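Student: Here's the letter readout for the chains.
2 protein chains.
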Amino acid sequence: MPVVLDGRETTSKVMEELTAEVAELVEKGTTPGLALVLTGEDKYSARYVKLKKKRAESIGMYCEFHHLEQTTDEELVALVEKLNEDPNIHGIMVQLPLAKGLDELKAVDAIDPEKDVDGLSPNTLGKVLMGENCYTPAGVEAIMELFKRYDLDVEGKHWLVAGETNFLSKPLAAYLMNKKARVTQAGPKCPHIPELAKSADVISTEMFKKHAITADMVKDGVIIIDNGNNYEGKKVFGDVDPAVLEKASVYTPVPGGTGPMLIAMLLRNTLKAASK
Amino acid sequence: MPVVLDGRETTSKVMEELTAEVAELVEKGTTPGLALVLTGEDKYSARYVKLKKKRAESIGMYCEFHHLEQTTDEELVALVEKLNEDPNIHGIMVQLPLAKGLDELKAVDAIDPEKDVDGLSPNTLGKVLMGENCYTPAGVEAIMELFKRYDLDVEGKHWLVAGETNFLSKPLAAYLMNKKARVTQAGPKCPHIPELAKSADVISTEMFKKHAITADMVKDGVIIIDNGNNYEGKKVFGDVDPAVLEKASVYTPVPGGTGPMLIAMLLRNTLKAASK
Chain V
6 MPVVLDGRET TSKVMEELTA EVAELVEKGT TPGLALVLTG EDKYSARYVK LKKKRAESIG
66 MYCEFHHLEQ TTDEELVALV EKLNEDPNIH GIMVQLPLAK GLDELKAVDA IDPEKDVDGL
126 SPNTLGKVLM GENCYTPAGV EAIMELFKRY DLDVEGKHWL VAGETNFLSK PLAAYLMNKK
186 ARVTQAGPKC PHIPELAKSA DVISTEMFKK HAITADMVKD GVIIIDNGNN YEGKKVFGDV
246 DPAVLEKASV YTPVPGGTGP MLIAMLLRNT LKAASK
Chain L
6 MPVVLDGRET TSKVMEELTA EVAELVEKGT TPGLALVLTG EDKYSARYVK LKKKRAESIG
66 MYCEFHHLEQ TTDEELVALV EKLNEDPNIH GIMVQLPLAK GLDELKAVDA IDPEKDVDGL
126 SPNTLGKVLM GENCYTPAGV EAIMELFKRY DLDVEGKHWL VAGETNFLSK PLAAYLMNKK
186 ARVTQAGPKC PHIPELAKSA DVISTEMFKK HAITADMVKD GVIIIDNGNN YEGKKVFGDV
246 DPAVLEKASV YTPVPGGTGP MLIAMLLRNT LKAASK
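Going down the list, the sequences are from chains V and L. Each residue of the first sequence is one higher than the one before, counting from 6 in this note's numbering. Each residue of the second sequence is one higher than the one before, counting from 6 in this note's numbering.
It is worth saying that the hints were derived from the structure and are not from the lab. All of these numbers come straight from a predicted model, not from anything done at the bench. Treat the hints with caution; some may be incorrect.
No copy is singled out in the list; a pair is fine if it fits within one copy or between any two copies.
Under the rule of at most 25 Å between Cα atoms (straight-line distance), these lysine-lysine pairs were calculated in the BS3-like manner [as the list claims (entries may be wrong)]:
| no. | residue 1 | residue 2 |
| --- | --- | --- |
| 1 | K184 | K203 |
| 2 | K215 | K58 |
| 3 | K203 | K224 |
| 4 | K214 | K240 |
| 5 | K215 | K55 |
| 6 | K194 | K162 |
| 7 | K111 | K184 |
| 8 | K185 | K215 |
| 9 | K240 | K111 |
| 10 | K185 | K214 |
Could you put together the complete structure from these sequences and hints?
Tutor: Here is the structure:
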């Protein structure tokens, strides 16, 4: 039977630990502060950012929610710069994608690397590539935390990173280059995914396609990290066909795998920033 | 017969083009300015930086050479910050490795991304990973320029990047993630290089070991980018055994491949910075 990396249970544990650590820091006189910045009117994003705020407050953090429904690059950058200077704010998260017409690079490049707890700025991503200490993006932290809690080795394995976003797959591949792993990266539409998957010890997917990875593509004993989040009505499906999981030695379920970990990782980075 | 990517000839052409473009810019009132910063007393590095100065001046650029034989992190950062503010300087190159005891990250992180013509700062490397416009490191530019001049496609190929430095192999792999290529990265001592090499369409080596890639490891028609620079006395050898080249469709010779291109790419980035 494969080992299931239980993201919900792990998140509960992490949140418990964070609650204790935040309390300790508050006792010493510092309340960790997180600023969440949302642009535009997308309801799903708004709900997600509100959930982040609720979670931050549930563990005793101070949290500000800045919602710029209609804004400009200049106004957004000015807000980020104000937050950079604010001593009560230790972490800044700008929700991506931004509202249409806004320049993502300008916005994330404005975040002070010391407060870039979501790991979105080019400065942070460069440090991830260099193997330098920094706030790794939440999606990467989530995978690494699951590996740690379940005593799995990152090193020595051949990883296939099937995906190409700036907030997960590319930083994950960059991170792995510093961990004595072999890493192969390919876009989600690469026609060679089947042959690449066949030789991989670990497959991390971010393919935006239900059951894109099928059982014939993988080798026995593979470790599956499914970052898929494909909705059909209210039901959510991963990028990996359930038949794959019978061949896997370890996998993250969808739902309940890496997804639930993301907010906890953001909050942990914020705590780290506040502890400095 | 394989196609030989002639770095010397290509460099001559690029330098000719640059000479004309610099003259044009000077005519318009701007002389491109490059600042070279060297720390410590390593004679090889000093010679190399002096060569960069000579080449910059040979195409009509203004070039400053700052040699801090004995210095501190603070002094080095202060110099970089002064150069960031200097309107006559469009590009700053800090020669790596720094003298022993100095903090490389601090030094390169101080370079204004707009003047980071050698592509060393975390901000630049993050942009390379994101696929954003920036000054790509000279080693990466050299490979891409050779591909362009010899009409080779970067896209659609499976690249093996055998190496792990911050100035070549990691940024190359990061760059390729944005070019519809498949890219596999592994450290030079990875025991799986032979099997990885076997399935690669292009192999870029940075292995610091004479003839580490042998003919039995590669497939027919492979493209070889040999970034090796292994000295035995005054003779220099690549990372790739000469027998490999008989199986290759395209290769860069050592010496005379990517090496000669590096200074020209740095100067071209400086020209770009001055043209802004």
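Student: All hints, please: hold or fail.
Tutor: Each hint tested on the structure:
no. : hint        : in the structure
1   : K184 - K203 : both (22 Å within a copy, 23 Å between copies)
2   : K215 - K58  : neither (30 Å within a copy, 56 Å between copies)
3   : K203 - K224 : both (6 Å within a copy, 19 Å between copies)
4   : K214 - K240 : within (14 Å within a copy, 53 Å between copies)
5   : K215 - K55  : neither (27 Å within a copy, 57 Å between copies)
6   : K194 - K162 : both (23 Å within a copy, 14 Å between copies)
7   : K111 - K184 : between (30 Å within a copy, 22 Å between copies)
8   : K185 - K215 : between (31 Å within a copy, 22 Å between copies)
9   : K240 - K111 : neither (35 Å within a copy, 48 Å between copies)
10  : K185 - K214 : between (30 Å within a copy, 18 Å between copies)
Against the hints set out earlier in the document, violations occur for numbers 2, 5 and 9.
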